[in-house]
Amino acid sequence: MRRRTTAAVGTVVVFLLVASGLFATGTQEAQPAPAAGANPYAGQSITVFMIDAANWRALEAWTPEFEAKSGIKVNFDILPEKAFLPKLTLSLSSRAGEYDVVSANNRSTPQLFAGGWVQPIGKFINDPKMTEASYNFADFIPGLVRTCSYQGEVYGIPMQGSSNIMMYNKEMYAAAGLASPPKNLDELMAYAKKLHMPEKEQYGIALRASREGGTNGFSWIMIWKILGGSWTEGAEQPYAVLDKAPAIRATEYWVSLLDNYGPPGISNYNWETVLVSLQQAKVSQTIDDAELGPRLENPSESKIAGKVGYHVIEGRGDKYTVGPVWGLFMAADTKNQGPAWEWLKWATSKETIIRLAKEGKIGGPTRSSGFQSEEYRNKYSKEYADAFLKAMDHGDPEYSPLIPQGPQIREILSIAISKALSKQATIEAAMKEANDQIKKLLNY
Amino acid sequence: MYRSYEGSDKTTFYLMIGVPFFLLVILTVGPLLYSAFYISLTNWNLSMVAERRFIGLGNYAEMLGNPEFWNSIFNSFYQVFGTLALQLVIGMGMALLLARPMRGMQVVRSIYLIPMMATPVVVGQVWRMLYTPDLGLLNYFLSLVGLPGPDWLGNPKIAMLSVILTDVWLTTPFVTMILLAGLISLPGEPYEAARVDGASGLQMFTRITLPLLRPVISLAAMFRIMDGFRRFDTIYVMTSGGPGNATETLNLHTYNHGFVFLNTGYAAALSTMMLLIIFGFTLFLILRIQQSESV
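Residue numbers (this note's numbering), protein chains in the order written: chain A, 1 to 444; chain B, 1001 to 1295.
Keep in mind that the hints were calculated from the coordinates and are not lab data.
Keep in mind it's a predicted model, so treat the numbers as computed, not measured.
The beta-carbon is built from N, C-alpha and C at its ideal position, and this holds for glycine as well.
It is possible that part of the hints are untrue.
Stated by the list, open to error - Selected chain A positions facing chain B (in silico; Cβ < 7 Å):
{"no.": "1", "residue": "Pro-264"}
{"no.": "2", "residue": "Gln-408"}
{"no.": "3", "residue": "Ser-418"}
{"no.": "4", "residue": "Lys-419"}
{"no.": "5", "residue": "Ser-422"}
{"no.": "6", "residue": "Gln-424"}
Bound-form chain A, shown alone (with noise of 0.2 Å):
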């Protein structure tokens, strides 16, 4: 009898032990404070939330470094786009200070400003004492760090901009008689029908039309801010500009160059499959993200290195290119302030960011130094970093909304060009109902 009690007793104790134990896991303790000295915060340790790609990738490879010389211990989460994006809000809404450093692009800062997740690093910036004069944060490029700020505050350090640009193979554009590249869209439209040889296994043109992560929407805003796109300028409704001419333009645009020119299965392209068949010559031309073309450039995994061509096809207005910024952001719940800002401060030193593009990790420098170095000046050619810069400086920002409801309407403008694109409505009734669904969400 008492033999039995005491196992039952010593179960249930065990028992506790293991669920307090798992219970225990999550919570952060807080740093002891720092000790004076040259590596103030040897010993304590941080984690870093990032996006899966190169530039990343690389500084979590160069991170030993930093580690060798701080004594400061750096953990590593790495998350493709579409895993990414919503463990970074969820982690930090739920403020357990799960993160010290997050990546983070202005298609999800809206929803960290306005839930306050993140905090502004002017503090450190402008101190002495934790920033050194040579670190020279005035070398970002100002509209790069605005995308970054919020209300006046600068609350991340720009660390890869990009923008849209026209990337085509040059040797199969000679083969088909073409010598340089479209100025227009309805010269693109040409060029895609004459490149779009199917019995050979090429197709025209290749764009992203997956609906995974919204990623259609990203390649369908690109043709509509040439076309004067705009989400607030001009508007009476602010985002509720679906069924104005501009975006049932593109929608037609869009759908009739991919159905028409597109590879088969088109409909569930990414950026990386965009990326694979232009790499292996089976489509002639992209526009996407400018940060592809290093890895066009890479003969390790393309076969068109060294054919490449970019060019950057000019559209109405000033902002009729996209500006997705990636930045570093500190979180709010960090209890790791002082480590975080150390490793913040090498991440993004001009050391680090022109390494950067020195080694093909990344297109577009943030910093003017690092446009201007030599080793980007050598690394890159002229006629890539030309259209790099010009797709830059005629960037909008607000390519995506900038609002906290930014997600949803990104996503109600994924499913709408998703059905018409495979035809399960018509271009108009899916642009319509999209649009009454924004209208809806943003009570108009």
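Following the hints, put chain B in place on chain A, whose structure we already have.
Quick look at chain B alone, frame taken from chain A:
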């Protein structure tokens, strides 16, 4: 039952039952009630916390008037019952084959369970590769016999069928296992009597096997319906609900609202609705099973 225990045995009993029950309440029932009776009655959006208000049944009203919701309900039913129908037929066939005593049958019975052990996310990725129109294996084999390969995941008319097919591959072994267990435990006398009477194989199957197996089939159906409504990983990986919203089931719809748009209140209402639907079917099937057993 507990009346038969005495003294410290009774203490043991309460301790053994009490702790797991207590944890169950805290970890599952508690959050469920909180979600259904509090969160789903607010307009809670995680990025606009200051504007959180109690709105009563507002979320439910909005849900019922939202065509996207009804589309996701339709897709869920299509997916669940489409998969179920195929699984019962194929599962029954496989169970009949495996029920025969044959040498090496133990090995065969283990092999057919393998799809069930695979991780759904991995299965989704692999099938997505198989379904790729230009480079995938399915269209390659079709081309070998001269048939044109469709765009399995990009054509809105057949995207859901492709999703169903993957699900069938993944979970039919489970149905087969349950039906096989039922088949093996059937009594032999009715069959002998039928054979003496000169009944054909088909007659024996429809007049003897199926009626006797009805509770087992209902059990398998119940499990599959519960699981089917919760299927997320394969669909998310293969189509993300696309093309358009042709494969957006209630589960994916809820995920988008909860984790992408951060509309936690609305997502809680959607989850509660899903729970009610699954509960309704499960209750119906359990009652049917109990009825058959009491006969």
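Query - Hint check: 7 Å Cβ-Cβ cutoff, A/Ser-418 to chain B - result: Check passed: Cβ of A/Ser-418 comes within 5 Å of chain B, closer than 7 Å.
Report task. For the hint on A/Gln-424, just tell me whether its beta-carbon gets within less than 7 Å of chain B. Result -> holds, 4 Å
Query - chain B contact restraint on A/Ser-422 - CB to CB distance below 7 Å - result: holds, 4 Å
Query raised in the report: When the nearest CB of chain B is found for A/Gln-408, is that gap smaller than 7 Å?
Result: holds, 4 Å
**Report entry** A/Pro-264 as chain B interface residue, shortest Cβ-Cβ below 7 Å
**Finding:** This hint holds: A/Pro-264 lies near chain B, its Cβ roughly 4 Å from the closest one there, short of 7 Å.
Requested in this report: So, A/Lys-419 near chain B? Judge it on the closest CB pair being under 7 Å.
Outcome: holds, 3 Å
Checked against the numbered hints given earlier, the structure satisfies every one of them.
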